[in-house]
Amino acid sequence: MFGTALRVLVLATLVTGLLYPLLLLGVGQLLLPAQAHGSLVRVDGEVVGSALIGQSWTDAAGDPLRPWFQPRPSAAGYDGGASSGSNLGPENPDLVAAIAQRRAAIAAFEGVDPAQVPPDALTASASGLDPQISPEYARLQAARVADARGLPRSQVLELVQEHVRGRDLGYLGEPTVNVLELNAALAALG
Amino acid sequence: MLAAWGLFAAQLLTLAAVLVAIHLPVGNYLAWALGSPRDLFVERGIYRLVGVDPSREQSWPAYLRAILVFSLLGILAVYALQRMQALLPLSLGLPAVSEPLAFNTAISFVTNTNWQAYSPETTLGYTVQALGLAVQNFLSAAVGIAVAVALVRGFARRGSGTIGNFWVDLVRIVGRVLLPLSIIAALVLLAGGVVQNLDGFTTVTTLTGDTATVPGGPVASQEAIKLLGTNGGGFFNANSAHPFENPSAWTSLFEVVLFLAIPFSLPRAFGRLVGDTRQGFAIAATMAVLYLVALVAMTAFELAGSGGAPQAAGAAMEGKEARFGIGASTLYAASTTLTSTGSVNSMHDSFTALGGGVAILDMMLGEVAPGGVGSGLYGMLVLAVIAVFVAGLMVGRSPELLGKRIGPREMKLASLYILTTPTLVLAGVGLSFAIPALRDDILAHSTSNPGAHGFSEVLYAFTSAANNNGSAFAGLSADTPWLDAALGVAMLFGRFVPIVLVLALAGSLAAQEKVPVTSGTLPTHRPQFVGLLLGTTVIVTALTYLPALALGPIAEGLSS
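Keeping their order, the protein sequence lines are chains A and B. Add 10 to a position in the first sequence, counting from 1, and you land on the number used in the working numbering. Add 891 to a position in the second sequence, counting from 1, and you land on the number used in the working numbering.
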């Protein structure tokens, strides 16, 4: 019984722990290398990040940079080595206070009415690496980004519109805008 | 709000259509894989290699011994791999895992729980994840299915002293079912953007001149079996909320399909194996009703978004990803807590008080709607034993199920089964708060939210561990000596005590002859029986926990 169990465990480890992931590594390498290596985004040949992993767009002091679209708040500080949500409960006073503070800060930063700030801009994502924001939040930021870059507001708003990804199949999930892809397109405008 | 419900309904109908379409072929395939008398050529080679005679069947104690010895070896292997991590290749420079955490994690993965008291990115390298955790994702799932099949044989056989051969069942479940399905699922996930590499953490220079880290790993292969086997242990800390585990709304729905596929197909396999598919349909219908009610309730609470933080933000989006929104998050959350999967695409800790409460209640149902792979079916069949007993009491007849008499021995086993998890959950939570030193330690070091929500975090943890779910109110820091040990014990007993009882039940049913069907026999394939089984499930499982729920999510929900 013991010997059988040991032999089965060793065999299972070789097949499901070694051969199986190696097979997928090989197939991924051959057929889907871009996805297998993390959907990397290149600008002028240089990798600037992954389309799927959110980044922070702040200065050294942690303040948001005006020329770039800003992502959602992150409990992980957009550290790709430490994904995490805030795990703050619905009645946690710290969370309620943080949301009020974010609303005021974003309204001031964008120069809009606090009531206009959408929910995704006020809440930390589950992964702390959310690569996307709602189209509402992207449009809210367009004027500020355009002004900071000396571009016509309509041009930036159009760029946002081009980067809206609708719901999958038309009804799954929510429409989004990928922040890195949008900012990379901005950078390409010069 | 109406638009949100419309989108949710479309999503749910898609899921339902897929499950309805696949449960027949998958169920029939499972029945063939486990019931066919012929061994495949490769399998015969394997049996020679490991020294098993596939034609020799086991009595229930022998079948149980094989499972226990095999699982014990699995625990030792995962423990040893973690403790030796510093010496292993592809460990990303990570040190050995501490003793209490390695103990907790080894039990967690062998019991199909996949509770994670650690953050994978900073704790486990690729070798431990692949050779330790992913292997147990296959094997623990196979053990669950094997136990379910043994119980089904108990119903199907007459006057038999044996219930199958565990090694044959194991080889067939892994080789014929889990491995091929995982390869297909992993390829789909890869195409959707789930990574599969050995790149480690790559540092890149961003457009702002800052640096960013892109993680890597053999994720797609592990993700596939994590879901198909209702395991749920994430390759990354954020689990299936991490964009590299679940990149888009369609992959999210695909993942839900993956972990519902086998649990909803097993009743079909059960029906085939006992020679009456209507019996399987009644079981699946009971599961589906519970599933729908719980899912719609959770979605309603999250869309309503009551509570301080959701109201302040304008929606319950804390701990949810932009690409999923609320509807795709609750679909995943309800499905993962109603199966014993426990992977998450949103942080349940930040759900509304009552939405999070539904997640806890889902697990308290005993993971039967549809439950984990195998464990869902055997859990529901034990409840069916109780249901026919209750019905028998009402009309004054000796109860039968599928032609087998439910006598005192069967009822004792079924009763012990339904008492096991509530005892573990309530004793664990009770001790955690009744012993002052433990309570002070938990409040100082473990809970991350004040008041009733902090209590809910501990209640969630013990409910998740004892029911082998593995999801968490993840703000709880569970890597403390007490919680590592207590939750480890809850997972261990929550898994193997029911398995002992189910196999004993299988043995005693298999030994019986069939009782002929008469006009007095209670039919167990009609809506009437589905209703009886629903009532039994809700009363014997969920109601046990009402006082505990009142102290946590209900108190918090009422105060908001």
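Please keep in mind that the hints were generated in silico from the structure rather than gathered at the bench. The C-beta atom is built at its ideal place from N, Cα and C for all residues, glycine as well. Hints are not guaranteed to be accurate.
For each label pair, taking beta carbons as the anchor points, the in silico distance ranges come out as [unchecked claim]:
id, chain 1, residue 1, chain 2, residue 2, range
1, A, Val53, B, Leu1449, 51 to 59 Å
2, B, Leu893, A, Gln126, 42 to 50 Å
3, A, Leu32, B, Gly926, 26 to 34 Å
4, B, Ser1450, A, Gln126, 29 to 37 Å
5, B, Leu1449, A, Gln111, 47 to 55 Å
6, A, Val53, B, Gly897, 16 to 24 Å
7, A, Ala114, B, Ala1328, 41 to 49 Å
Which chain A residues face chain B? A few, computed with CB under 7 Å, are given here [what the hints assert, rightly or not]:
id, residue
8, Val18
9, Leu24
10, Leu29
11, Leu34
12, Gly36
13, Gly55
14, Ala92
15, Gln126
16, Ile143
17, Pro145
18, Tyr181
19, Asn193
Here is how each hint holds up against the structure:
1. At about 53 Å, the CB distance of Val53 (chain A) to Leu1449 (chain B) agrees with the hint of 51 to 59 Å.
2. At roughly 23 Å, the beta-carbon separation of Leu893 (chain B) and Gln126 (chain A) lies outside the given 42 to 50 Å, and the hint is violated.
3. Checked against the hint of 26 to 34 Å, the pair Leu32 (chain A) and Gly926 (chain B) passes, with Cβ atoms roughly 32 Å apart.
4. For the hinted restraint 29 to 37 Å between Ser1450 (chain B) and Gln126 (chain A), the CB-CB distance of approximately 30 Å keeps it satisfied.
5. For the hinted restraint 47 to 55 Å between Leu1449 (chain B) and Gln111 (chain A), the CB-CB distance of approximately 28 Å leaves it violated.
6. For the pair Val53 (chain A) and Gly897 (chain B), the beta carbons lie near 40 Å from each other, so the given range of 16 to 24 Å is not met.
7. Evaluation of the 41 to 49 Å hint for Ala114 (chain A) and Ala1328 (chain B) yields a pass: the beta carbon distance comes to about 43 Å.
8. Below 7 Å, beta-carbon pairs count as interface contacts, and Val18 (chain A) has one with chain B at about 5 Å; its hint therefore holds.
9. For Leu24 (chain A), the shortest C-beta to C-beta distance to chain B is roughly 9 Å, which exceeds 7 Å, and the interface hint is violated.
10. Because the beta carbon of Leu29 (chain A) sits about 10 Å from the nearest beta carbon in chain B, more than 7 Å, this interface hint is broken.
11. About 4 Å separates the beta-carbon of Leu34 (chain A) from the nearest beta-carbon of chain B, less than 7 Å, and the hint is met.
12. Annotation: Gly36 (chain A) was flagged as interfacial toward chain B, and the flag is violated, the nearest CB pair being 9 Å apart, outside 7 Å.
13. The interface hint given for Gly55 (chain A) is violated, since its Cβ lies 13 Å from the closest Cβ of chain B, which is over the 7 Å cut-off.
14. With 7 Å as the threshold, the beta carbon of Ala92 (chain A) comes within range of chain B, its nearest partner Cβ sitting at about 6 Å, so the hint holds.
15. For Gln126 (chain A), the interface hint is violated, the least distance from its beta-carbon to any beta-carbon of chain B being 10 Å, above 7 Å.
16. Taking 7 Å as the C-beta contact cut-off toward chain B, the hint placing Ile143 (chain A) at the interface holds, the least distance being around 6 Å.
17. Hint status for Pro145 (chain A) relative to chain B: violated, with the closest Cβ pair at about 10 Å, above 7 Å.
18. With a least beta-carbon distance of about 4 Å to chain B, the hint placing Tyr181 (chain A) at the interface is held under the 7 Å criterion.
19. Interface hint status for Asn193 (chain A): upheld, as the beta-carbon distance to the closest one in chain B is roughly 6 Å, under 7 Å.
Going down the numbered hints, you'll see the structure goes against 2, 5, 6, 9, 10, 12, 13, 15 and 17, while the others check out.
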